[in-house]
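Undergrad: For reference, the chains in residue letters:
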Amino acid sequence: MATAKLTFTDVALTVNVPAGTRIIEISEKIGSGITYGCREGECGTCITRIVEGQENLSEPSALELRVLKDNLAGHNDRLACQCQVLGGTVKVRPG
Amino acid sequence: MPAAPAIPAPDRARPAPRGPEQIADRVTWIGALDPDLRNFDVILKTANGTTYNSYVVRGSQGVAVIDTVKQEFTAEFLAKLETVARYDEITTLVLNHLEPDHTGAVPELLRRAPHAHIHVSPRGLQVLRALLKDDFDSYRITTVQTGDTVSLGDRTLRFLTTPYVHWPDTQCTYLEEQNLLFTCDLLGCHYCDARLYNDKVGDFRFSFEYYFDHIMRPFKRYVTEALDLIEPLRIDMIAPGHGPVLRAHPREYITHYRRLITKRLASETGAEKTLLIFYVSAYGATAQMAEAITEGAAESDDVRVSLFDLQGGDVTPFIDLIEEADGLAFGTPTINGDAVRTVWDLLSSLVDIDTKGKLGASFGSYGWTGEAVGMVEARMQGLKMRVPEKGLRIKMHPTAEELEQCRDFGRRLAAHLAGRPAEREIDMSALLGR
Ligand code: FES
Ligand SMILES: [Fe+2]
Ligand SMILES: [Fe+2]
Chain X
1 MATAKLTFTD
11 VALTVNVPAG
21 TRIIEISEKI
31 GSGITYGCRE
41 GECGTCITRI
51 VEGQENLSEP
61 SALELRVLKD
71 NLAGHNDRLA
81 CQCQVLGGTV
91 KVRPG
Chain S
1 MPAAPAIPAP
11 DRARPAPRGP
21 EQIADRVTWI
31 GALDPDLRNF
41 DVILKTANGT
51 TYNSYVVRGS
61 QGVAVIDTVK
71 QEFTAEFLAK
81 LETVARYDEI
91 TTLVLNHLEP
101 DHTGAVPELL
111 RRAPHAHIHV
121 SPRGLQVLRA
131 LLKDDFDSYR
141 ITTVQTGDTV
151 SLGDRTLRFL
161 TTPYVHWPDT
171 QCTYLEEQNL
181 LFTCDLLGCH
191 YCDARLYNDK
201 VGDFRFSFEY
211 YFDHIMRPFK
221 RYVTEALDLI
231 EPLRIDMIAP
241 GHGPVLRAHP
251 REYITHYRRL
261 ITKRLASETG
271 AEKTLLIFYV
281 SAYGATAQMA
291 EAITEGAAES
301 DDVRVSLFDL
311 QGGDVTPFID
321 LIEEADGLAF
331 GTPTINGDAV
341 RTVWDLLSSL
351 VDIDTKGKLG
361 ASFGSYGWTG
371 EAVGMVEARM
381 QGLKMRVPEK
391 GLRIKMHPTA
401 EELEQCRDFG
411 RRLAAHLAGR
421 PAEREIDMSA
431 LLGR
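Chains as they are written, first to last, in full-length UniProt numbering: chain X, 1 to 95; chain S, 1 to 434.
For the record, the hints were derived by calculation from the structure and aren't laboratory data.
Hints may be right or wrong, so weigh each one.
[Unchecked claim] For lysine-lysine, the following DSS-like pairs were computed, each having C-alpha atoms within a straight-line distance of at most 25 Å:
#, chain 1, residue 1, chain 2, residue 2
1, S, K384, X, K5
2, X, K69, X, K91
3, S, K356, S, K390
4, S, K133, S, K220
5, S, K45, X, K91
6, X, K29, S, K390
7, S, K384, S, K220
8, S, K45, S, K220
9, S, K356, S, K384
10, S, K263, S, K384
11, S, K273, S, K45
12, X, K29, S, K220
13, S, K70, X, K69
14, S, K220, X, K91
15, S, K356, X, K29
16, S, K390, X, K5
17, S, K273, S, K200
18, S, K273, S, K356
19, S, K133, X, K69
20, X, K29, S, K263
21, X, K69, S, K356
Take the sequences, apply the hints, and build the full model.
TA: As structure tokens, this is what we get:
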């Protein structure tokens with residue numbers, strides 16, 4: 001199975017994950033400070049800064065784009081409850 | 001038929017409902033007094049109610065309504081509005097904050113003034129969508145940010161994006177020609193007095209600070225950003241969404257907020273990172289762990305470590321300390337399958353401050369099960385802290401070897417704080433069951 005390396009810089013930990021894993025599936029288990037509200041891509045609580053590997057994430061849905069925009073997110077920001085890691089290396093930290 | 005018995009008047013003095021009040025040239029207060037409210041948003045007490053302040057600004061080419069009131073005061077609000085403007089004159093509705101205490105009358109107002117052009121912050125949009133439901137698309141809505149303006153002819157409203165001075169959506173609106181700032185929750189207080197102005201009402205200083213402590217303090221970093229935007233403005237009057245209109249020495253209230261958000265004795269720690277280690281110990285084992293963790297962390301000279309026995313202090317001063325600390329470690333034994341009460345008392349009080357991004361850690365000795373450590377970690381995560389090191393649990397009293405593990409735990413916490421942690425890599429399968 002294709003794997004990816006997902007690094008949470010705020011806790012200095014890299015997790016080897018199967019391609020398709022969402023950040024939300026990992027971040028809480030390892031104590032990263034990324035926090036969640038609705039968990040359904042609506043509230044913007046989980047805005048996460050992509051430090052590296054933006055291109056290795058799934059494309060944002062129209063809803064995710066709207067939530068990011070409404071919350072004045074930067075272009076390196078994604079919703080951790082939505083985006084999937086597709087491969088390669090991705091580094092993230094709480095937004 | 002006999003007349004219905006008269007309803008006895010309440011026996012205590014209470015402000016009479018009051019009519020609109022012109023607070024400045026072309027600016028009229030059309031809010032509502034709520035003298036009977038005792039609990040606000042569940043968490044907040046108020047000894048004499050609150051006010052929901054709404055304002056009308058009349059320009060040569062338009063009329064703006066700034067915020068509204070809680071829903072149950074809609075009729076009263078509309079009656080006041082009707083004395084100063086016709087619905088078809090209202091060109092602009094500014095919503096500085098979408099919480100129901102300020103937007104309760106919005107749906108009814110829009111039904112009567114459907115052409116009013118709504119101005120909200122970008123983050124306000126999602127709440128507005130929920131508030132207006134199916135009607136959302138039928139109104140004219142523009143999102144505004146710092147620097148955007150709307151013209152009422154000879155009057156101009158300028159917006160300042162000041163998020164999280166309560167909710168993510170909050171903003172302030174500045175009436176340029178009159179140096180008047182509408183702040184909604186910011187610089188407000190829950191204090192109800194029909195005399196309306198800060199130089200006329202009773203002594204509301206306690207209410208002003210209490211409100212700051214409970215509403216603004218958790219968002220200190222955002223209050224700082226808001227003040228940075230507001231301070232350069234010329235300000236002749238502050239018109240908040242709750243409590244007195246600040247027309248006498250308004251600048252003093254801004255200065256006071258600045259004082260309330262400033263770190264105390266900041267030079268005491270300088271560039272060092274601070275780690276506070278709190279513990280409760282039943283038989284001395286968790287205390288031994290705490291001391292060893294302290295020793296380990298204190299080996300780093302860029303981290304200042306402090307150790308506190310929770311049983312020797314009160315919650316309030318500890319909260320003040322925690323607010324300014326970079327890292328926190330909590331030691332608790334597991335008693336009856338839970339962390340001890342003293343620890344929970346402190347942890348539950350941390351909602352009053354901003355803990356986002358602080359480093360958290362947990363440890364403790366146990367006899368049988370040891371789940372307290374994980375419970376404390378979960379709470380810290382709920383407080384938006386990062387918890388990079390898995391909690392350290394030791395059965396009964398620590399051995400010499402285990403004490404060394406504690407020192408090492410302390411060293412690792414210090415390394416995280418100092419920004420030089422050892423990078424680690426694991427497989428996802430290692431997280432199963434977590
Ligand atoms: S948790 Fe609400 S958008 Fe992700
Ligand atoms: Fe509010
Ligand atoms: Fe409010």
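Undergrad: Which numbered conditions among the earlier hints are violated in the structure presented, ordered from lowest to highest?
TA: Hint check: 4, 5, 11, 12, 13, 14, 17, 20 fail, others pass.
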